[in-house]
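Chain residues, written in single-letter form:
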Amino acid sequence: MAQKLIQHVIDQASQVILGKDMQIRLALTCLLARGHLLIEDLPGVGKTTLAHVLAKMLGLDFQRIQFTSDLLPADILGVSVYDRDSASFKFHPGPIFAQMILADEINRATPKAQSALLEAMEEHQVTAEGVTRQLPEPFFVIATQNPSYQIGTFPLPESQLDRFLMRIELGYPDAKAERALLQGKDRRELLAQLQPSLAPQELAALQQDAMQVFVSDALLDYIQALVHFTRQSPRFQNGLSPRAGLALLHAAQAWAFSDGRKEVLPEDVQAILPSVAGHRLRPGTEFTGESGTALAQYLLTSVSVP
Amino acid sequence: MTNLVWLLLSLALATAPHLGRLPLWVGPICLVMGLWRLGIMRSNGTLPRKWLLILIAFAAIAGIFAHYHTLLGRDAGVALLVVMIALKLMEMKTLRDTMVVIFLSYFLVITHFFYSQSIPTALYLLLVVLLTTATMIGYSYPQERFPSRPRLRLAGTMLLQAIPLMLVLFVFFPRVGPLWGLPKDAYSGTTGLSDSMSPGAISQLIRSDAVAFRVRFDDTPPDNSQRYWRGPVLWDYDGRTWSTQRKPPSGKAQFLPLGQSFSYTITLEPHNQRWLFALDLPAEFPPGSSASADFQILALRPLHQRIRYSLTSYPAYRLGDNLSDETWERALHLPDGNPRTMQLAAQWRTSLDSPRTIALQALKMFREEKFFYTLNPPLLGEQAVDDFLFGSRRGFCEHYASSFVFLMRAAGIPARVVTGYQGGDPNPMSDYMIVRQSDAHAWAEIWLDGEGWVRIDPTAAVSPSRIESGIASALPAAELPPALVQLDAEWLMRMRLSWDLFNNNWNQWVLGYDQERQKRFLSGFHHGLGSWQNMSIAMIGSITMLLSGIAIWMFWRTSRQGIDPVLAIYLRFCTKLASKGIVRAPGEGPVDFAVRASRFRPDLARQISLITRLYVSLRYGQRHSARLPRFRKAVQHFKT
Numbered sequence: 001m002a003q004k005l006i007q008h009v010i011d012q013a014s015q016v017i018l019g020k021d022m023q024i025r026l027a028l029t030c031l032l033a034r035g036h037l038l039i040e041d042l043p044g045v046g047k048t049t050l051a052h053v054l055a056k057m058l059g060l061d062f063q064r065i066q067f068t069s070d071l072l073p074a075d076i077l078g079v080s081v082y083d084r085d086s087a088s089f090k091f092h093p094g095p096i097f098a099q100m101i102l103a104d105e106i107n108r109a110t111p112k113a114q115s116a117l118l119e120a121m122e123e124h125q126v127t128a129e130g131v132t133r134q135l136p137e138p139f140f141v142i143a144t145q146n147p148s149y150q151i152g153t154f155p156l157p158e159s160q161l162d163r164f165l166m167r168i169e170l171g172y173p174d175a176k177a178e179r180a181l182l183q184g185k186d187r188r189e190l191l192a193q194l195q196p197s198l199a200p201q202e203l204a205a206l207q208q209d210a211m212q213v214f215v216s217d218a219l220l221d222y223i224q225a226l227v228h229f230t231r232q233s234p235r236f237q238n239g240l241s242p243r244a245g246l247a248l249l250h251a252a253q254a255w256a257f258s259d260g261r262k263e264v265l266p267e268d269v270q271a272i273l274p275s276v277a278g279h280r281l282r283p284g285t286e287f288t289g290e291s292g293t294a295l296a297q298y299l300l301t302s303v304s305v306p
Numbered sequence: 001m002t003n004l005v006w007l008l009l010s011l012a013l014a015t016a017p018h019l020g021r022l023p024l025w026v027g028p029i030c031l032v033m034g035l036w037r038l039g040i041m042r043s044n045g046t047l048p049r050k051w052l053l054i055l056i057a058f059a060a061i062a063g064i065f066a067h068y069h070t071l072l073g074r075d076a077g078v079a080l081l082v083v084m085i086a087l088k089l090m091e092m093k094t095l096r097d098t099m100v101v102i103f104l105s106y107f108l109v110i111t112h113f114f115y116s117q118s119i120p121t122a123l124y125l126l127l128v129v130l131l132t133t134a135t136m137i138g139y140s141y142p143q144e145r146f147p148s149r150p151r152l153r154l155a156g157t158m159l160l161q162a163i164p165l166m167l168v169l170f171v172f173f174p175r176v177g178p179l180w181g182l183p184k185d186a187y188s189g190t191t192g193l194s195d196s197m198s199p200g201a202i203s204q205l206i207r208s209d210a211v212a213f214r215v216r217f218d219d220t221p222p223d224n225s226q227r228y229w230r231g232p233v234l235w236d237y238d239g240r241t242w243s244t245q246r247k248p249p250s251g252k253a254q255f256l257p258l259g260q261s262f263s264y265t266i267t268l269e270p271h272n273q274r275w276l277f278a279l280d281l282p283a284e285f286p287p288g289s290s291a292s293a294d295f296q297i298l299a300l301r302p303l304h305q306r307i308r309y310s311l312t313s314y315p316a317y318r319l320g321d322n323l324s325d326e327t328w329e330r331a332l333h334l335p336d337g338n339p340r341t342m343q344l345a346a347q348w349r350t351s352l353d354s355p356r357t358i359a360l361q362a363l364k365m366f367r368e369e370k371f372f373y374t375l376n377p378p379l380l381g382e383q384a385v386d387d388f389l390f391g392s393r394r395g396f397c398e399h400y401a402s403s404f405v406f407l408m409r410a411a412g413i414p415a416r417v418v419t420g421y422q423g424g425d426p427n428p429m430s431d432y433m434i435v436r437q438s439d440a441h442a443w444a445e446i447w448l449d450g451e452g453w454v455r456i457d458p459t460a461a462v463s464p465s466r467i468e469s470g471i472a473s474a475l476p477a478a479e480l481p482p483a484l485v486q487l488d489a490e491w492l493m494r495m496r497l498s499w500d501l502f503n504n505n506w507n508q509w510v511l512g513y514d515q516e517r518q519k520r521f522l523s524g525f526h527h528g529l530g531s532w533q534n535m536s537i538a539m540i541g542s543i544t545m546l547l548s549g550i551a552i553w554m555f556w557r558t559s560r561q562g563i564d565p566v567l568a569i570y571l572r573f574c575t576k577l578a579s580k581g582i583v584r585a586p587g588e589g590p591v592d593f594a595v596r597a598s599r600f601r602p603d604l605a606r607q608i609s610l611i612t613r614l615y616v617s618l619r620y621g622q623r624h625s626a627r628l629p630r631f632r633k634a635v636q637h638f639k640t
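Those sequence lines, one after another, are chains A and B.
Note that this note's numbering gives residue 1 to position 1 of the first sequence, counting from 1, and the numbers run on in steps of one.
Note that this note's numbering gives residue 153 to position 153 of the second sequence, counting from 1, and the numbers run on in steps of one.
Treat the hints as calculated values from the structure; they're not laboratory data.
Glycine included, each C-beta is placed from N, C-alpha and C at the ideal position.
Watch out, some of these pointers could steer you wrong.
Said to hold, decoys possible - Covered, in the sense of this in silico footprint (three residues per stretch, anywhere, with C-beta under 8 Å from a C-beta of chain B), are these stretches of chain A: (1) 185-192; (2) 241-252.
What the hints assert, rightly or not - Capping the alpha-carbon separation at 25 Å, the derived lysine to any residue pairs in SDA-like fashion look like this: (3) LYS576(B) with PHE89(A); (4) LYS4(A) with PHE139(A); (5) LYS247(B) with LEU448(B); (6) LYS262(A) with VAL591(B); (7) LYS576(B) with PHE139(A).
Given these sequences and hints, build the entire structure.
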């Protein structure tokens, strides 16, 4: 039943974003595992569209924050304004008070503005002017970022990258998808036609079910072996954190769930590992120049499935 | 550094010590080849044409032939090897070619031991082996760059891991004597006493601080002035050079030991001659040697390898009570010339009453007139003895011994020249004594009626300190060759002696581990181990045990946690597929593997899928232990 729903979401989304089924499924997995998603790629490959589609399909209350270099924390969190009628300050919530936030081009903002968002991501709450306010549930952040070698960017520090459950790259569409894109309708029109496939409470139920997927000792052995390997091999500057280990587990559960299985297989871990670990791994001092994705692949080929 | 740079570097280091020994043009050729190859890589150029390489190869072979007049033998062989490796660089296309070059480089490393087996050489070659191994590691990861430090670390680990194997091979590999004869030029270049003595021969030898032999006395060694190490005995003089033209007098020596005996063991460095040195005079001779009546001990073959032998000597003795006519004549024979010396001898003969007083008179002359002991004597003319005795009066032990024997013969006293070593430095850090080439010496023996052959050292008359405290104290400081300069600093002296001690142990235990030592060492454990057949069996057995030990340990380590029975059955399934060439990669999950295996063997797809499904549910699902027997059965029945 749940699988049908999920498959439906994927099918619908892939009509708008062509030829990116894997990425769509990863994004959905990320949301099922209650994680935040970072999409990293060049401008114009459909990052924003993907975020739009997901929000629309899941029927979530959606806000978009365009990050710029002059963005201030108050622009995200909200600000208190003096209300003459009530003769008091009234808090005007910022765009963060929504179920799904699209933080567009997050690495264009200053670290100060970035951290305002990232704190909210971790705590699911916002502290502004001494008052702590709960954010709505579910709460997702989909951030997009340009590769940091683009001009005018503030790359996210590792500690903040760690808050994103997954980082995915969209990449250029293949020739067939590109042809269909060129021939097809305007994406905005398509987006507008999309109908939500889930009610908000359905999503919460799916998330709960996903975390019920069975995890055997053998699989935990595998995850531990993977994490352990990164902590020992000189290939990696530093090993995966315990949080990353949990992220691997939850993402693998969600992936297995989206595949309609009741147990997690090593293949599930392998499917999500490049997205979950790729942005957390740095090459060791003697192996500079290797990308996170290459490191993740190295990790997968080096650790045997127990 | 790229792999090629690594390769060139390790090759350069492997070749470097040879360059001084090879024809001059070999070095530049190697350099050109290396740089050419580097340039090709930098510019993405193409390798040179085959015909060009063949041309260079033939030119190089011709060059080597022109230089050595052969292509065989140690020197020509090494030259050929070096040049061909350099040329191989130019046709290195595939990984296989590269591996050939790397293995040749290992081989090149071994060839250095033809020239030197010293500790510094061994250490240097170890470094080269490390670099070569690191190079090989780099080429084993062709798709990525392997950084230097982990690469060296890995190479080091691999070499360390090879140590047990190395030890087993070292101890057990049967030393059955050389399997093939070493080329005859393999032993050139070692120094030592020769079978003749002309002016300047020994003073040249003195300049070398190379070790002639080391000796360990069982008890207290005799005094320095007693330590005459007897070597070649020279009978025949041609006016310039002393030698033994004909065979030395044969027959059993009439030898009567008197007084104290000294037992000792000598470790003699190879000197490419047959002499075995012994303290004047030994009571018996080492096994496998022969001695002539004048107590020259000769080995059966020239000594190309270090040998050890034990002897007992008596510094006080009586030798040769009777002389045969032939020996008598030989011991008096002189060439024409040197009239002034002849005249002096004739004068002594008439004025002095006994041979003994004549000898003493000669010594007195050396002692009381202005004779000097020097390493740099002036050149002597045609009448060498006259020139020395009445002209220059500056000379080295060979001058004194030579002119003394000449005088004696001229005065009608049988006499001969004995060469060998005198003295030796004890190494205070251990209980052995080092005798160096710089201790080379020449003295005289005269025959006196009723006393036999008596040793007389005319050098002692000129320079008593030479005999009492060694060569270094007898020469003026300005004349000392660098090898003999007394080291002022205590620590330098100590370091030099420690180094010699270390060298001695290396010689005794590593290089000296020959057939006989191996036999003795192994027989100590079990007397049957002495034969080479049993050694081979022991070697193979030890290696097998070593490797299986490692295998068992690794197996035990993986199975320590107690292997899951489900996994065990699955692994059996994987083994079955592997036997058909479908091998599961270590990082491959079961479902992925099943998909891949089914693609290779569509006929088995159904079974593979069933087994995988059962395995997945048993191992990763909530336990359905009920399915275990079914799973086991399915794998059992699985036939590829």
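**OP:** State whether the coverage of the segment 241-252 of chain A by chain B holds or is violated, taking the criterion as 3 or more residues with Cβ-Cβ distances under 8 Å.
**Re:** The restraint on the segment 241-252 of chain A is violated, since only 0 of its residues have a Cβ under 8 Å from chain B and three are required.
Original post:
Do the alpha carbons of LYS4(A) and PHE139(A) lie within 25 Å of each other, as the hint requires?
Top reply: At roughly 23 Å apart (the allowed maximum being 25 Å), PHE139(A) and LYS4(A) satisfy the hint.
Original post:
Taking only the CA atoms, is the gap from LYS576(B) to PHE139(A) under or equal to 25 Å?
Top reply: 50 Å, violated
Original post:
Does the alpha-carbon distance linking LYS262(A) and VAL591(B) stay inside the 25 Å limit?
Top reply: 15 Å, holds
Subject >> Holds or violated: LYS576(B) to PHE89(A), with C-alpha atoms at most 25 Å apart >> reply: 76 Å, violated
**OP:** Assess, step by step, whether the Cα of LYS247(B) is no farther than 25 Å from the Cα of LEU448(B), and give holds or violated.
**Re:** 23 Å, holds
Subject >> Given coverage of the segment 185-192 of chain A by chain B, checked by CB-CB distance under 8 Å (3 or more) >> reply: Result for this restraint: violated, n = 0.
Checked against the numbered hints listed earlier, the structure breaks hints 1, 2, 3, 7; every other hint is satisfied.
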